[in-house]
Structure formats: C-alpha cells, structure tokens
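Undergrad: Okay, here's what each chain looks like letter by letter:
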Amino acid sequence: MVKRLLLIAYILIATSAYSMSAEEVKGMTIGDTDTRVAALNKAMLEANDKTAAFLQALADDAVKLAGDKVFIVKGDKAFDAVTDVETALPDDTEDVINNNRMRGEIDSALAALKLFSNDDTVRAAAVKQLQSDADETKLPLIEKALATEHNASIKAQLGMVRAAALLNSSDQTKRLEAAQLLAGSGQANTKTMLLERLKLEEDSAVKVALGAALRQVESALAWGDKLGALFSGISLGSILLLVALGLAITYGLMGVINMAHGELMMIGAYATYVVQGVFQKYLPGAFDWYLLASVPVAFMAAALMGAVLERSVIRFLYGRPLETLLATWGISLMLMQLVRSVFGAQNVGVENPSWMSGGVQVLGNLSLPYNRLVIIGFALFVLGSVAWLIGKTRLGLFVRGVTQNRPIASCMGVNTARIDTYAFALGSGIAGLAGCALSQVGNVGPDLGQGYIVDAFMVVVLGGVGQLAGTVYAALGLGILNKFLEGWTGAVLAKIAVLVFIIVFIQKRPQGIFAMRGRSAEA
Amino acid sequence: MNTPITAIPLPASAPLLSRTGWATFCVTLIVICAVAPVLNLWVPAGSMFHLSDYGVGLVGRIMCYAICALAMDLIWGFTGILSLGHGLFFALGGYAMGMYLMRQIGLDGNYKSALPDFMVFLDWKELPWHWTFSDSFVATLFLIIAVPGLVAFVFGYFAFRSRIKGVYFSIITQAMTFAAMLLFFRNETGFGGNNGFTDFKRILDIPIATQEMRMTLFVLTGLTLLGFFLLARWLITTKFGRVLQAVRDAESRVMFSGYNPLGYKLTIWTISAMMCGVAGALYVPQVGIINPSEMSPANSIEIAIWAAVGGRATLIGPILGAFIVSGAKSWLTVAYPEFWLYFLGALFIGVTLFLPQGVMGLVGRILSRKKGERA
Numbered sequence: 001m002v003k004r005l006l007l008i009a010y011i012l013i014a015t016s017a018y019s020m021s022a023e024e025v026k027g028m029t030i031g032d033t034d035t036r037v038a039a040l041n042k043a044m045l046e047a048n049d050k051t052a053a054f055l056q057a058l059a060d061d062a063v064k065l066a067g068d069k070v071f072i073v074k075g076d077k078a079f080d081a082v083t084d085v086e087t088a089l090p091d092d093t094e095d096v097i098n099n100n101r102m103r104g105e106i107d108s109a110l111a112a113l114k115l116f117s118n119d120d121t122v123r124a125a126a127v128k129q130l131q132s133d134a135d136e137t138k139l140p141l142i143e144k145a146l147a148t149e150h151n152a153s154i155k156a157q158l159g160m161v162r163a164a165a166l167l168n169s170s171d172q173t174k175r176l177e178a179a180q181l182l183a184g185s186g187q188a189n190t191k192t193m194l195l196e197r198l199k200l201e202e203d204s205a206v207k208v209a210l211g212a213a214l215r216q217v218e219s220a221l222a223w224g225d226k227l228g229a230l231f232s233g234i235s236l237g238s239i240l241l242l243v244a245l246g247l248a249i250t251y252g253l254m255g256v257i258n259m260a261h262g263e264l265m266m267i268g269a270y271a272t273y274v275v276q277g278v279f280q281k282y283l284p285g286a287f288d289w290y291l292l293a294s295v296p297v298a299f300m301a302a303a304l305m306g307a308v309l310e311r312s313v314i315r316f317l318y319g320r321p322l323e324t325l326l327a328t329w330g331i332s333l334m335l336m337q338l339v340r341s342v343f344g345a346q347n348v349g350v351e352n353p354s355w356m357s358g359g360v361q362v363l364g365n366l367s368l369p370y371n372r373l374v375i376i377g378f379a380l381f382v383l384g385s386v387a388w389l390i391g392k393t394r395l396g397l398f399v400r401g402v403t404q405n406r407p408i409a410s411c412m413g414v415n416t417a418r419i420d421t422y423a424f425a426l427g428s429g430i431a432g433l434a435g436c437a438l439s440q441v442g443n444v445g446p447d448l449g450q451g452y453i454v455d456a457f458m459v460v461v462l463g464g465v466g467q468l469a470g471t472v473y474a475a476l477g478l479g480i481l482n483k484f485l486e487g488w489t490g491a492v493l494a495k496i497a498v499l500v501f502i503i504v505f506i507q508k509r510p511q512g513i514f515a516m517r518g519r520s521a522e523a
Numbered sequence: 524m525n526t527p528i529t530a531i532p533l534p535a536s537a538p539l540l541s542r543t544g545w546a547t548f549c550v551t552l553i554v555i556c557a558v559a560p561v562l563n564l565w566v567p568a569g570s571m572f573h574l575s576d577y578g579v580g581l582v583g584r585i586m587c588y589a590i591c592a593l594a595m596d597l598i599w600g601f602t603g604i605l606s607l608g609h610g611l612f613f614a615l616g617g618y619a620m621g622m623y624l625m626r627q628i629g630l631d632g633n634y635k636s637a638l639p640d641f642m643v644f645l646d647w648k649e650l651p652w653h654w655t656f657s658d659s660f661v662a663t664l665f666l667i668i669a670v671p672g673l674v675a676f677v678f679g680y681f682a683f684r685s686r687i688k689g690v691y692f693s694i695i696t697q698a699m700t701f702a703a704m705l706l707f708f709r710n711e712t713g714f715g716g717n718n719g720f721t722d723f724k725r726i727l728d729i730p731i732a733t734q735e736m737r738m739t740l741f742v743l744t745g746l747t748l749l750g751f752f753l754l755a756r757w758l759i760t761t762k763f764g765r766v767l768q769a770v771r772d773a774e775s776r777v778m779f780s781g782y783n784p785l786g787y788k789l790t791i792w793t794i795s796a797m798m799c800g801v802a803g804a805l806y807v808p809q810v811g812i813i814n815p816s817e818m819s820p821a822n823s824i825e826i827a828i829w830a831a832v833g834g835r836a837t838l839i840g841p842i843l844g845a846f847i848v849s850g851a852k853s854w855l856t857v858a859y860p861e862f863w864l865y866f867l868g869a870l871f872i873g874v875t876l877f878l879p880q881g882v883m884g885l886v887g888r889i890l891s892r893k894k895g896e897r898a
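Respectively, the protein sequence lines represent chains W and Z.
Residue numbers are given in the working numbering: position 2 of the first sequence equals residue 2, and the series is strictly consecutive.
Residue numbers are given in the working numbering: position 148 of the second sequence equals residue 671, and the series is strictly consecutive.
Extracted from the complex, chain Z is given alone in its bound form (with noise of 0.2 Å):
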C-alpha cells in the first residue's frame, strides 16, 4: 500500500488526560479505597448505605480486570501491538499466588497431607521442582512478577526481532494462550489439570475468607491500580511514551529516523504483561480459585474489548470499559442469562463500527461541542 505523504502532526493529548481530568480519577480512585472499608465494616447490613460483601468481591474483581485493561492499553492503544494473549500472563501470576495458596492450607487438606490434595489425589510423593520456592511469600510476590515477564520476554523478543506485528503477532499471541491452556489441563504439568487450585484457607497464615481479609485485598487492589494508573501515565509523557506511539503510527518512519523499535516495544510488551500477572495475583484470593480456562482465547480477547470500549490510547478510558463491560456482564448473566452473548457480540460490533474512540471518544465529542458552543 501507498501512504499518501503529508506531514503528521503530533498526537494531540485527549481531553481526559488534561490535568483535571486525571486528577479527579486519582481522587475518586482513592475515595473509593477509603470510603468502601467503612461502608462495609462498620455500617450496619440494614442500612441503605451498607456495601454488602457481594459488592466488594464484585468491584474488587473488576478492578482486577481494570489493570489488564490498562495494560491492554499501553500495548494496543500506545504501541498499536494487539495482543490477544495477555489472559495467559493474567493466569500466570495468578498461578503463581494460587501455588502460595495451596502451600498455606498446609495440613488442612481433605487428604490431611502436607502436599496440595491433588497432588496426594495423583500419588505424587514430593513437590515438583517448578513449586520450590511456593512456600516463602517474598519469593511468590517475586515470581507474580518474574514468570509473566520472562516468558513476555522470550516470547516478544522472538517475534519483533523477526518484525512479525499486526494480525500476525495478534494470531500468534493467540496460539500462545491456547497452547499453555492446553499444557496446563494436564495433570502432569503439575497446576492441578482441570480443576487448578481451590480451597484456599489463609494467606500469610491469617484465615483468607472473612471480611477484613476481603476488605484489605480490595483496598490493595485499589491501591495497585491507582499506582499502575500513576506509572503508566509517566510512562507515556516520557520521551519514551512518545516513541511508542510514533512505532504505532508509523514504525517505518521510527526506523528511518534511526530508532530501532525492537527496544521499546519489548520494554513495553514485558511491563504490560507483568502488571498483568499482579492483576491475576490480586485476583485469585478475591474468587478463591485459577484454573486453566483463565488462558482461554475468549478471556484476552474480552481484554482488548475492555480497552475498545473504554477508548483506546485514553489510559481512563479501558478502565471505565472494564466496569461498564464486567459490570453488564455480572448483571446480564444473573438477569437475563440467555441474552448475554447477543448484547457483549452486539457491543463489540457496535463498538468498532460507530465508537472507534470508544466511550471516551464520545464524552470528549461532547465535551467538545458544549466547549464549541460556548465560544
């Protein structure tokens, strides 16, 4: 193809990243964190005002799911690199908690052993090697970082030195998922196969499923985000952010103008994935279970719609798809569970026809014809 030659302005900052705009997120971010403690905890369950404990594992989770979409963002929306495996490194770094999990039921197992049930279930008589260092908590919170990053590494270090982007990588990330789902529904593999790892009891030896532990869990996952939210932002003002997004725009001219992207797009690729697996991380002791279908193809691809819907390349904009996205879904599913599928299909087809900016886009119009108005 011929692209015709003119002079391409710099991006322009979307309206929502304004000083303004991203200052208020930070401040309802934290009001959150501060206020939902208080409403669960000490306001009475009569009370209209009561967060019930329902709620908080809901928001909780979505704020899970909000961090992988801001690193969705960070790689499609700035670098223009659609993955459609970033469910696997999200199951990572939940796999590598759930493994610290198993560890710390210790002797409470149905099975009474100091080995995971399923293990004693497949008569494994010691630990894997791949599980030694599940039972320190530091080495844990390491490999939630470490795992997911290694293997975005090698893997993205293979694939843009070979200059494969576009659908191409989009495919291939796909194969990626799709074949660790496979490995890890094996029994052998040593991940629990099917059914992966449940039944948490404690996490640092204090009991996992009473209020204050879910309370604490969802002001960390809060926090996490807010920090990511933060780091992610510095990262795009940076000379650094400027250039992944000329590698989105025109990766050819980046080379000419003798910047070689491999650098840059690996760097970004491996911290998208690694906020990725501390999102899993967080995720697993909120809902009590990781198991393989996690890496399922569906699971990245409904990431990249968090992102779509939420405007790309806005940094708020996928985290607000997140929640308005998870959020229909735990209400459609228990409402009208038959009609989920035809209003998330109908989303993403309405979402790439009219609102290629997403909802983001749609405020900033707004925003802007109000402000035309004015004038």
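Okay, chain W solo, but in the shape it has when bound (with noise of 0.2 Å):
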C-alpha cells in the first residue's frame, strides 16, 4: 500500500510533463468491457505517469461520468480526466463500473507500469504479479521495461515472464522461442504453463519443442523434489531424534514408561517463552539472542521437574512397568492443566529470531529454511553431548552400570537411588531442549506433547529399547520414509503407513533393529 502511495506521489510530481488524449480517457472508460481492454492496451503502449494515475483512479473507484466527459474525483474535487483542469462535478454524473475481468486488466497494467520503478524491490513485486497473467497484450511493454532494467536477477525473471507472454503468442516462431526460453527454468508454474498450452497447441512443430521443454522442466524439478524430500525428511528425523533422545535415556535404559515425556517437552517450550518474554521486557537489544539463554533455562526447567517426579512418584514404581505408563499419564495430565492455568489454554506465540529467518535457495524449487537448517545442527550436538556424557563420563558409567546390574553396580558403592534421580533429571532436561527446538518450528500450546508422544515411543521402540545408536537411525530412518510417502500418498495415510510399518516390523523384530545380546528368555 505504501509502495503504490510512493508511486502514487511520484506520478502525480511528473504529470505536467505528459498527457493523454480525450479519445484514449473515453475508450478506457465509456462502452462494454471489450473495447475498453482494447483501449486500455493500446493506451499502455504509449504509457506515461498521467495513465498510471489515471489507471489507479479506475482501480479505486474514483472516475465518474457526465454525459461524455470524464471526471476524477479526489477527496471534495473534481478534475477533469483529459485536461486535468478542477472542475465542478455535474449533478448527473454516473460511477464508472468495473467488472471482475476490467479490474484484472487495470491491475495488471499498473503492475505492468511499476516496472518502470526505480524501487527495485517495487519492480520484483510487480514481476512477480505480472507473472501469473502476461499475454501478449503485454509483450511490448515487458520488452521496453527488459531493455532498461539493469538489477539481474529482476532481469532473469523478467525473462521468464517475457517467456511467457511469448508462449500464448499468435506467431508460431514466437511461440518456439518461448518454448527453449522455459525449458531453462526450474520452476513449479513453469511446468503448469507448459502443460496447459500443450492441450491448446496445433503447430506440430511447436509441439515437439513444447514437449522437450516440458521433460527438460521436470527432469530439473524432480531433482528439487527428490531432494526437497530428502531435506525435509532430515529435518524431521532430527526433531524425532530431539524428541526420542530424552524417551530413549528415561525409557531405554531405565525402562520408565514415561507418558509425561510430551509434557516434560512442553515445560521446556514454554520456559523458551518466558525467556522470550524476559528479553522483551529488559534486553530488547538482545532480543535476537533471546534462543541462546533460553537453551540452559529449558534445561534446567525440565530437568528440575523430572528430578521432583521421580523423586515424588517414579521411584516407588520401578519394576512395575505397567503402574508406571498410568501414574506418568496422570502427572501428564496435571501438567498439562497447569500450564493452561498458568498461561492460559490457547497458544502463545513465540517468535524465531531474525537469523532464523529466510533460508538458502539451492535450486529453482528448493530452498533450505534457516530454522530447519538451525535444529539439524542442534539436534546433532544434542546427541553428541549426550553420547559423550553418557559414554565418556563418570555419571554415564554408573548410569550404564546400573541399568545392566542394579545389584552389583549398588555393591561396588554406586548410590542407585541418586543415578535414577540424575538419570531421570537428564532425560527431562533433553526433552526440554526438544521442546525449546520445537517451539521454532511449531505452536505452543498445552497440547503441544501429546502429538509427539506416540512417535517418540515408536522411535525408542524401533531402534531398540537401550540402544542409542538404534534410536539415531530409527528416528532418520522414520523422518525421511515419512517424508518420502507424504510426496507420494498425501501427509495423514503416510502418517498412518509409518504406523503400520512400525506395528508390523515389531511383530517381526520385537527386539527393534538393535537387539541387545542376552539369555533372558523374558527379554
């Protein structure tokens, strides 16, 4: 709105200089719609600031008519629409009406007239909406503004939009022109253009061109797609794996069937948007490194509050697996009411910083988004930390110690009772970053949890319950067959494919892909 006011103010600096003539005012505005797209374009050709602006008084309503002569209304005053002289307004005047198809032409052509900007990013706009409905009406015009623009990447797509108006063309040369033009670009509407002109085409020869654009356009956009797929089967793998690594430490080795798991999740978003909140308030200097602080404080809140559940309610139901599912899922359910009577049941809104952002365009249809990129990288220190606190250091021996011989582990002097207290604490706390990572990427609400809950025990439970390492490939394995389906069947029956396949390999493997050696015949 701003940019058309500028335009606006810019057009009505220079009016003098131009001028229009009484037959092109009356064409665009008096007779049935036909004759006056015909008047509009031919106005177009020789299209000066005085058309811009009279274009736009069409487009807001504010042309009215009086027997033949043609007034534009501004604010209380009239001027007439050729001479540009005030005037008063007859009694008799009569609004100009504009149906669906005028109105489309006049904001095509004063989007075809913002070409002429000297605003580069009010030039992108305008080829961006010039894009979805150049014709060849258009054509003169596209080549003028082609030949004076200098910014090249505005050029490139200027071109494809030349392209395009050339596809529809009457010339049969033109029309092949086009044809090689688009099979250069590795764009989505590309492909769309090319096939409907297909279905309209005669000329055997432009025909076959057409064709070869179209493969040559598939061929570079299947490419995008196929490693769209891939990226975004990554991405997902990695919030899988943030969201199982915790599950994997609580549930994996320490076989607490954790229900709360989602919730401890939540708990870590939402101390995300408090330190967000916090930020605002005192350091809104810093506010884009509000995620940074706010990576300990989900921590540390979860983790806290898995340290008190398992002191107040876990640790008198180990060895009852079953006691445990229901018991979690009751503390589950008060947390959830909790944060509703804290925060209040809808969603809050957290924001990415302005690094987040944007994001890398690789291809023509592919394009890596900051924040997506941001949350692999995190995901993968998550498990680098973890793998080294749980293999390198002294709290991960005792951890590992007591999960395979509680006994044993307790005769050599190791406290079991406080390993199971840090053990717990440390699985919460991992959920928490989970959920500082998903609160970049989703909503965050009460409910926010429960959506992850069923995946994150179908990730522990495919990799193998104790195994690490099965957890890693079972949740990048799931994020990109998942993705992979979604291209194919659609996002809820691929959903529902990973499901079944999951219900199916357990049946087969109930041990997961990594069993763990042993001669319980319990196991």
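What the hints contain is simulated information worked out from the structure, not anything from laboratory work.
Note that the structure is predicted; figures quoted are calculated from it, not measured.
Please note that the accuracy of each hint is not assured.
Claimed, not checked - Now the in silico label distances, taken between C-beta atoms and shown as ranges:
#1 Z:F660 to W:V492: 28 to 38 Å
#2 W:F287 to Z:E649: 52 to 62 Å
#3 Z:M571 to W:L493: 54 to 64 Å
#4 Z:S853 to W:R340: 45 to 55 Å
#5 Z:S816 to W:R340: 55 to 65 Å
#6 Z:S853 to W:E351: 40 to 50 Å
#7 Z:L785 to W:L493: 28 to 38 Å
#8 W:R340 to Z:L890: 39 to 49 Å
#9 Z:N718 to W:S341: 23 to 33 Å
As the list claims (entries may be wrong) - Quick partial rundown of chain W residues pointing at chain Z, CB under 8 Å, derived from the structure:
#10 M254
#11 F316
#12 A327
#13 S341
#14 V342
#15 L380
#16 L383
#17 V454
#18 F457
#19 V461
#20 L499
#21 I502
#22 I503
Glycine residues also receive a C-beta, built at the ideal position from the N, C-alpha and C atoms.
Put the two chains together into one complex, using the hints given.
TA: What follows is the structure in structure tokens.
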C-alpha cells in the first residue's frame, strides 16, 4: 500500500510533462468491457505517468462519467480527466463500473507500469504479479522494461515473464522461442504453464519443442523434489531424534514408561516463551540472542521437574512398568492443566530470532529454511553431548552400570537411587531441549507434547530399547520414510503407513533394529 | 531378571467374588433396570423420586463404559495384557451402529437425499462398498460384533504369535488406535470425517428421541452389562480362565508346562474386543453422536484407569470404577471445569501408588480386618 502511494505521489509530481488524449480516456471509460480493454492495451503502448494516475483512479473507483465527459474525484474536488483542470462536478454523474475482468486488466496494467519504478523491490513485486497473467498484449511493455532493467535477478525473472507472454503468442516462431527459453527454468509454475499450452497447441513443430521443454523442466523439478523430500525428511528426523533422545534414556535405559515425556517438552517450550518475554521486556536490544539463553533455561526447567517427579512418584514404581505408565499419564494430565492455569489454554507466540528467518535457495524449487538447518545442527549437538555424557563421563558409567546390573552396581558403592534421579533428570532435560527446538517450528500450547508422545515411543521401540545408536537410525529413517511417502500419498496416509510399518516391524523383530544381547527368556 | 524360585499358591478368589458378593451385584443391577423406568416414566416430574432424563442418559452412558471396563478387566486384570487400544473397538462397534442409524434417517436429512448428508456434501453419488449392509438391522448386529472381533483377531494373532507382551504390546495398541483415528478423520474413508455421524432420527423405524426409546436402550444396556458380567464370571472360573491367570502370573512356566498361550490370549483378546464393540453400539444411540475422537489414545487409557481404580481381576471392581470415575467426571467438569484434570491426574497417581488393588482391594482389606477383630 505504501509503495502504491509512493508511486502515485511520484506520478503526480511528474504529471505535467505528459498528457493523454480525450479518445484514450473515453475509450478506457465508456463502452463494453471488450472495447475498454482494447483501449487500455492501446494506451499502455504509450503509457506515461498520467496513464498510471488515471488507471489508479479507475481502480479506486474515483472516476465518474457525465455524458461523454470524464472526471476524476479526489476528496471533495473533481478534475477533468483529459485537461486536468479542476471543475465542478455536474449533478448527473454516473459511477464507472468495473467488472472483475476489467479490474484484473487494470491491476495487471498498473503492475506493468510499476516495472519502470526506481525501487528494486517494487519492480520485483511487479514482475511477480505479472507472472500469473502475462499475455501477448503486455509483450511490448515487458520488452521495453527488459531493455532498461539492470538488476540481474529481476532481469532473469522478467525474461521468464517475457517467455510466458511469448508462449501464448499467435506467432509460431515466437512460441518456439518461448519453449526454448522456458526449458531452462526449473520452476513449478513453468511446468503448469507448459502443460496448459500443450493442450491448446495445434502446430506440430511447436508441440515437439514444448514437449522437449517440458521434459527438461520436469527433470530439473524432479531433482529439486527429491532433494527437498530428503531434506525435509532429515529435518523431521532431527526433530524426532530430539524428541526421542530423552525418552531413550528414561525409557530405554531406565525402563520408565514416561507418558509425561511430551509434557516435559512442553515445559521446555514454555521456558523458551518465558525467556523470550524477559528479553522483550528487559533486553530488547539483545532480543535476537534470546534463543541461546533459553537453551540452558529450558534444560534446567525440564530437568528440575523430572527430578521432582522421580523423587516423588516414579521411584516407587520401578519394576512395575504398566503402573508407571498410568501414573505418568496422570502426571501429564496435571502438567497440561497446570500450564493452562498459568499461561491460558491458547497457544502462545514464540518468534524466530531474525537470524533464523529466511533460507538458502539451492535450486529453483528447493530452498532450505534457516530454522530447519539450525534444528538439524542443534540435534547433532545434543546427540553428541548425550553420547559423550553416557559414554565418557563417570555419571554415564554409573548410569550404564545401574542399567546393566543394579545389585552389583550397588555393591560397588554406586548410590543407585541418586543415579536414577540424575539419569531421569537428564532425560527430562533433553526433553526440555526438544521443546525449545519445537517452539521454533510449531505452535506452543498445552497440547504440544501430546502430538509427539506416540512418535517418540515408536522411535525408541523401533530403534531397540536401550540402544542410543538405534534411536538415531530409527529417527532419521522414520523421518525420511515419512516424507517420501508424504510426497506420494499425502501427509495423513503417510503417517498411517508409517505407524502400520512400525507395528508390522515390531511383530517381526520385537527387539528393534538393534537387539541387546542377553540370555533372558523374557526379553 | 532372575525370578526367585518359590512355589506360587493358586490365586484365591477375591472376597467380593464370593457367592453373596456377585449375587448382590446381580440383584442390584436387575433392580436398577426395573426401577429406573418406573421412576423416569411414571413418577411425576415434581416428585423427589423422579429420575430426570439427564440422569437416565448419564447412568445409561456409564453402563456402556462399565462394559468396556469389564472387557478391560478380562484382558488386563486376568490375563495381564494392558491394552491401550480398546477405544478403537468401542468406536468400531459405535460406527457400525452409526452407519445403520444414518441410513435410518432416510429422506429426512438436510439435503432430502437417500444418502447421508455428509456424502451429499462431498458430492458422492452412491454408497461406498462398506456401507452395503448398513440398511439391515440384522446385518448391523452382526457387524457390531464381527468388525471389532476381526480387527482384534488379526492384530492379536500377529502380536501374540511373535510373543509381544508387556509395555511393547501396550504401545503398539496405542499406535493402532492412533492410526485408526487419523484414518477415520479423513473424509474419503466414508465415515463422515471430523464430524462423524450425528442427527439420528429413528431406530427400527421408531423415533429415537422419545422418552420410551431412551428407557428401552437404558434397560437393554443394563441387561447387556449383566449378561457380560455373568459371561465373564463363567469364563474365569473355567479351566480356560485358570490358564489365563497362569499366563498373567508366569507365562514362561505355562509354556514349559506344555500349554501354548497363543490360543488362550487370542480368544480372550477377541472376546474382550467384541464386548467393547457392543458397548459402543449401545452408546451411540444414547448420546446421538459418534466421531473419531472416541479413538484418541486418551480415551483408551481412561478405560484402563476405570479398571485400575475399581481393582483389577475383581470383575465388580472395574464396573464400580467406571461409575466412580465417570460420575466424578460428569460432576466435576460442570462444577469445577478447571480442576477436573487435576483430579483425574491425581487419581491416576494416587491409585497406582497407594491402591494397587483399587477400591475393591480397599474394601477387601477393611472387611478382612473386621473379620479378624471378630475372631
């Protein structure tokens, strides 16, 4: 809107230099839509700022008609459209009615005029708008703009618009040229454009050229699609990994069926929200870095909650897995209600910091958003830390010892009860980190955890209980499988297919991808 | 884990499963079924003995839940298999009934078409294949039992054959009901999508919204509950039932003794699913709606909590549990809506921590203490 106003202002300043003939003005205003459109296109060939102002007035319904006199109304004053002289408005004026077709023509003509703006962003927007309704009548204008354009990326886009306009030309050679030009573009809308033309095309030579162009575009698109699916698969896998990693510790290593795992994630997400609020209020200058500060806060909040739960409820239920399941489900209900009471039942808004918005454009139809890339990196970081903590530190040694043989570990002087608390708090803290990451890609609300709990269990069970490596493979595998199926069957059916796959897989291999070796008959 | 080798005595019957216990229960149920219609239909509305329509609806609904809890008791309490997917069987029975009720609307829908409204809305021209038998009441009765039974049989066969048990089984049943919920949410599966089925008009060509019809359904539900209770009681006293309890307590030993647990587990699992299907079919005409949210994992877990609150492996306990929890729910969600989830959550935790035997265990302990004092 602002840009449009600027444009009008610019036009008004420059008005006096140009003028429009009375025929042009009348042609665009009086008569049926066909004649008006014809007049409009004719006027566009010698368009000037006056034309733009008049079109803008038409689009704003500010043009009135009295007999064959045309007036532009501005506020409570009226101007003669041809001479630009302020005049009194006659009593018997009629409004000029623009139907939808006329409106569309006016809008695209206005957009075409913006091609000559000095502002790069205005021109880029104009090109984008033209892309959808380019036809032969705009061709001279586009070519004129192309000749003066100096910004490389806009020029390239404008070239595509020109090709699109050429494609519907009545001249066969022009259509052939268009086919060649379009073959080099790897964009989804080029494909639809080519397909539409191919249906209408009657000339055999052009048909062949169009077919070849279509194949070229399709192969470029197919690559982009495949890479895109792979990337979103890895991205989903990294989220699943974050979600399941905490559970791999509490459930996989400790055997606690923690149905409140999702709610611990929710606590992490809300901790991020609170940190964001604190930064907004006290440190608005450093707002972009709130996310870094919220990582340790989310971890600590969830870990503390986990430690409290372990000390107060879960420790009494070791060895009774089904009871643990019910008790932790109860905990999850209470935590959800607690959050509803404190923060309200509505979702809260967590913003991406500015450095996480945008993305890298890799191919025509493939761009990698920064927030996804950051989460993939973050998942790797968390995975590395957990692997180091479990594999290399003294705490990790104790956790593994207690998992493998509790009485012997106890005999060796390990305080098993304390290790349980630490391990559970660690798993919960990682859930908090997952929540912090999820707050950047989805809604933050009391139900946040519910959507992920089934997935988290699936990943851990599929990977093999007690196996961190299995969790990694299962998360990435499920993520990629899900996204490839999604491209094929749609999101919901893909999800169902994955669940069915897991159910069947567990039937075949109840111990998961990686089995623990042991002699137990009950495993 | 090494199990210490000790002789396990045969499980003694729970005190309230004694002859007087279950006889009292049966008589109570019959009395409820006989008295409720009198209080509702023939006692004038002003009288203090009048049973309101709301009360009839509530008790009728809870009796459906009680059937589910009873089914859960058979599979969890007596066989030791915790299912988190019983909501699916309940909903399948409900959907089978719902399809029949949708056809009974006939030409009275919003679009005056023979097709259910949502199909007209989706611009479908004819009924999809799985609606073929939906206009026949007899076929519907069959489907109510057969569909949940078949799903349970197939799922159970593969699960029990690969000896999936314990938590693994619970989690994959949860995945099963979750996947089914997603499937039923889709419009193109032909089950009305998000909205499911509602706006029922008639059952067996009799208007459904009358007081008499509501009472009939109520009594029918009560009698079904009674029948299932007697069936369950008979089942667990047979040799079959004893083997089930042996599977629960020491499955490996059962196998070492030469029994194959597969058949036993599969049979009780399928029976349990069928009972839930019947409960769902009785539930739908009483509440007048069925939609995919009945399949949400939370609903299935709630069934387990009824059984846990009442006391597992007691048969009467889960039925009481359904009444206690659902009764509290319908009161609290109206009186203190923000505290209901706190209460439910605390109930889950409290029962698992302090009442592993549920209410029945508590009652049993009090009774035996009294007996001890007397002796």
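Undergrad: Confirm or reject each hint.
TA: Okay, the hints, checked on the actual structure:
{"no.": "1", "hint": "Z:F660 to W:V492: 28 to 38 Å", "result": "holds (33 Å)"}
{"no.": "2", "hint": "W:F287 to Z:E649: 52 to 62 Å", "result": "holds (59 Å)"}
{"no.": "3", "hint": "Z:M571 to W:L493: 54 to 64 Å", "result": "holds (56 Å)"}
{"no.": "4", "hint": "Z:S853 to W:R340: 45 to 55 Å", "result": "violated (20 Å)"}
{"no.": "5", "hint": "Z:S816 to W:R340: 55 to 65 Å", "result": "violated (19 Å)"}
{"no.": "6", "hint": "Z:S853 to W:E351: 40 to 50 Å", "result": "holds (41 Å)"}
{"no.": "7", "hint": "Z:L785 to W:L493: 28 to 38 Å", "result": "holds (32 Å)"}
{"no.": "8", "hint": "W:R340 to Z:L890: 39 to 49 Å", "result": "holds (41 Å)"}
{"no.": "9", "hint": "Z:N718 to W:S341: 23 to 33 Å", "result": "holds (31 Å)"}
{"no.": "10", "hint": "M254", "result": "violated (13 Å)"}
{"no.": "11", "hint": "F316", "result": "holds (6 Å)"}
{"no.": "12", "hint": "A327", "result": "holds (4 Å)"}
{"no.": "13", "hint": "S341", "result": "holds (6 Å)"}
{"no.": "14", "hint": "V342", "result": "violated (12 Å)"}
{"no.": "15", "hint": "L380", "result": "violated (27 Å)"}
{"no.": "16", "hint": "L383", "result": "violated (23 Å)"}
{"no.": "17", "hint": "V454", "result": "holds (5 Å)"}
{"no.": "18", "hint": "F457", "result": "holds (5 Å)"}
{"no.": "19", "hint": "V461", "result": "holds (6 Å)"}
{"no.": "20", "hint": "L499", "result": "holds (4 Å)"}
{"no.": "21", "hint": "I502", "result": "holds (6 Å)"}
{"no.": "22", "hint": "I503", "result": "holds (5 Å)"}
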